[in-house]
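> Line by line, the protein sequences are chains A and B. Under the numbering used here, the first residue of the first sequence is numbered 2, with each subsequent residue one higher. Under the numbering used here, the first residue of the second sequence is numbered 73, with each subsequent residue one higher.
Don't take each hint at face value.
Said to hold, decoys possible - Below are the DSS-like pairs computed for lysine-lysine, each with C-alpha atoms no more than 30 Å apart in a straight line:
id, chain 1, residue 1, chain 2, residue 2
1, A, Lys67, B, Lys177
2, A, Lys67, B, Lys258
3, B, Lys161, B, Lys225
4, B, Lys89, B, Lys247
5, B, Lys200, A, Lys23
6, B, Lys225, A, Lys22
7, B, Lys137, B, Lys125
8, A, Lys32, B, Lys177
9, B, Lys89, B, Lys161
10, B, Lys137, B, Lys200
11, B, Lys137, B, Lys161
12, A, Lys8, B, Lys161
As the list claims (entries may be wrong) - Simulated restraints, written as ranges between beta carbons of each label pair:
id, chain 1, residue 1, chain 2, residue 2, range
13, A, Asp5, B, Pro180, 46 to 52 Å
14, B, Leu327, A, Thr45, 18 to 24 Å
15, B, Tyr79, A, Pro61, 38 to 44 Å
16, A, Cys34, B, Gly133, 42 to 48 Å
17, A, Thr45, B, Phe130, 14 to 20 Å
18, A, Arg9, B, Tyr126, 39 to 45 Å
19, B, Gln326, A, Thr45, 42 to 48 Å
20, B, Ser223, A, Asp5, 33 to 39 Å
21, B, Tyr79, A, Lys8, 26 to 32 Å
22, B, Pro159, A, Gln62, 35 to 41 Å
These are calculated hints, taken from the structure and not from any lab test. Where a beta carbon is used, it is the ideal one built from N, C-alpha and C, also for glycine.
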Amino acid sequence: MVCDDVKRVVYFYLDGVLGEKKHSDLTSHLKECPDCDDRVLIHTRLRNFIRRRLGRLTAPQTLQVKLRDQRGSGGEASRVV
Amino acid sequence: MKSAEVYDQEQAWDFEKAAMPYVDSLYNTAYRMTRNSEDAEDLVQETYLKAYKYYDKFEEGTNFKAWLFKIMKNTFINNYRKKKLTPHKIDFSEIEESYERVIQKNAPDLIKDPESEIFQDMMDEDVKRALDSLPHDYKMVVLLADIEGFSYKEIAEILDCPVGTVMSRLYRGRKMLERTLLEYAKKYGYIRGGEPAKMRSRKDEVKPKKKSGAGDDVEEPAEEAPDDDLFVVAGPEEEDFDFEVEEEPEEEFQLE
Chain A
2 MVCDDVKRVV
12 YFYLDGVLGE
22 KKHSDLTSHL
32 KECPDCDDRV
42 LIHTRLRNFI
52 RRRLGRLTAP
62 QTLQVKLRDQ
72 RGSGGEASRV
82 V
Chain B
73 MKSAEVYDQE
83 QAWDFEKAAM
93 PYVDSLYNTA
103 YRMTRNSEDA
113 EDLVQETYLK
123 AYKYYDKFEE
133 GTNFKAWLFK
143 IMKNTFINNY
153 RKKKLTPHKI
163 DFSEIEESYE
173 RVIQKNAPDL
183 IKDPESEIFQ
193 DMMDEDVKRA
203 LDSLPHDYKM
213 VVLLADIEGF
223 SYKEIAEILD
233 CPVGTVMSRL
243 YRGRKMLERT
253 LLEYAKKYGY
263 IRGGEPAKMR
273 SRKDEVKPKK
283 KSGAGDDVEE
293 PAEEAPDDDL
303 FVVAGPEEED
313 FDFEVEEEPE
323 EEFQLE
């Protein structure tokens, strides 16, 4: 495996969906290539950042209350329909 | 034999127990899709209403969270997508090239900083803007994979598209998002490379705190502008943030 191959599949490597052989080829390449190793680290860090910063909204309390109330009336509605 | 009323009551409890744990996830994604809290609340509410109505159609043993997300995506298309999106031409090879330039230029700094400090000062507004600069379909796959942790197959199911399309959009969507984040980070001084926070050049943001003792009011000169055109952030303007891609040649990946 060469560096360009790593660039091509690095996301899939991090997703853990590469075939066994490709996965181990990539892992061996990383041991020998500091540039690609850095790159994997950068992608991991960016991914963690994105997860931290884009996944932290919580539903407002008002919505939770609305959902509970609606469930009852929704049931009524669905029986009528 | 149970009366219909008791049965309905039980079904309602059952639904509530199954669905309520996902309310934050649905709301977060709804907010990213609609880009405002009012529409996001409405979207989640309607999703729950439909999900409850069709709860008996849910196949036991399949992924309930994915089922809810699929209902939400369909509801979104029906309610918010009546207006056709503006198609934009996107030059995918240009994205690839500029990504390489940006990442190579910043790699040393991104490695030097401790993980916890990567872009830590970046404002939510910039993160949000970076996400919104992605075409809608690309934004969706990134949210579903990287925030909600769905598998490619589940995403394909939710979005009604082949797994190959999911992979292709993920590959590009992640690149576009990472590139834009890096561009903002560079432009506004969020990349520190082991240095203390730099003075940022935007007028509308909070100044970083100075170290104690530096009690002067003299304005430091703004960081010098980047010397090349790499960091000119050229996202779509606010009014046509929602767009789809005109031509989308699919990428193929060999995983085996």
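> For every hint, state whether the structure bears it out.
Now the hints, each set against the structure:
1. A/Lys67 with B/Lys177: Given that 30 Å is the threshold and the Cα spacing comes to 49 Å, the pair is violated.
2. A/Lys67 with B/Lys258: Between A/Lys67 and B/Lys258 the Cα gap is close to 43 Å, so the pair fails against 30 Å, i.e. violated.
3. B/Lys161 with B/Lys225: Holds. B/Lys161 to B/Lys225 sits at ~27 Å (cutoff 30 Å).
4. B/Lys89 with B/Lys247: violated (38 Å)
5. B/Lys200 with A/Lys23: violated (35 Å)
6. B/Lys225 with A/Lys22: holds (22 Å)
7. B/Lys137 with B/Lys125: holds (16 Å)
8. A/Lys32 with B/Lys177: Roughly 22 Å between the alpha carbons, so the hint for A/Lys32 and B/Lys177 holds.
9. B/Lys89 with B/Lys161: With a Cα-Cα distance of about 45 Å, the restraint between B/Lys89 and B/Lys161 is violated, given a limit of 30 Å.
10. B/Lys137 with B/Lys200: Satisfied, since the Cα-Cα distance of roughly 24 Å is no more than 30 Å.
11. B/Lys137 with B/Lys161: violated (33 Å)
12. A/Lys8 with B/Lys161: holds (24 Å)
13. A/Asp5 with B/Pro180: 46 to 52 Å: violated (21 Å)
14. B/Leu327 with A/Thr45: 18 to 24 Å: With Cβ atoms ~19 Å apart, the hint holds.
15. B/Tyr79 with A/Pro61: 38 to 44 Å: Violated: the Cβ-Cβ distance is about 32 Å, outside 38 to 44 Å.
16. A/Cys34 with B/Gly133: 42 to 48 Å: holds (44 Å)
17. A/Thr45 with B/Phe130: 14 to 20 Å: Given about 35 Å between the Cβ atoms, the range is violated.
18. A/Arg9 with B/Tyr126: 39 to 45 Å: Hint holds: Cβ distance 41 Å, inside 39 to 45 Å.
19. B/Gln326 with A/Thr45: 42 to 48 Å: violated (22 Å)
20. B/Ser223 with A/Asp5: 33 to 39 Å: Given a distance of about 27 Å, which is not inside 33 to 39 Å, the answer is violated.
21. B/Tyr79 with A/Lys8: 26 to 32 Å: Violated, since B/Tyr79 and A/Lys8 (Cβ atoms, about 57 Å apart) do not stay within the stated range.
22. B/Pro159 with A/Gln62: 35 to 41 Å: holds (39 Å)
Hints 1, 2, 4, 5, 9, 11, 13, 15, 17, 19, 20, 21 from the earlier list are contradicted by this structure; the remaining hints agree with it.
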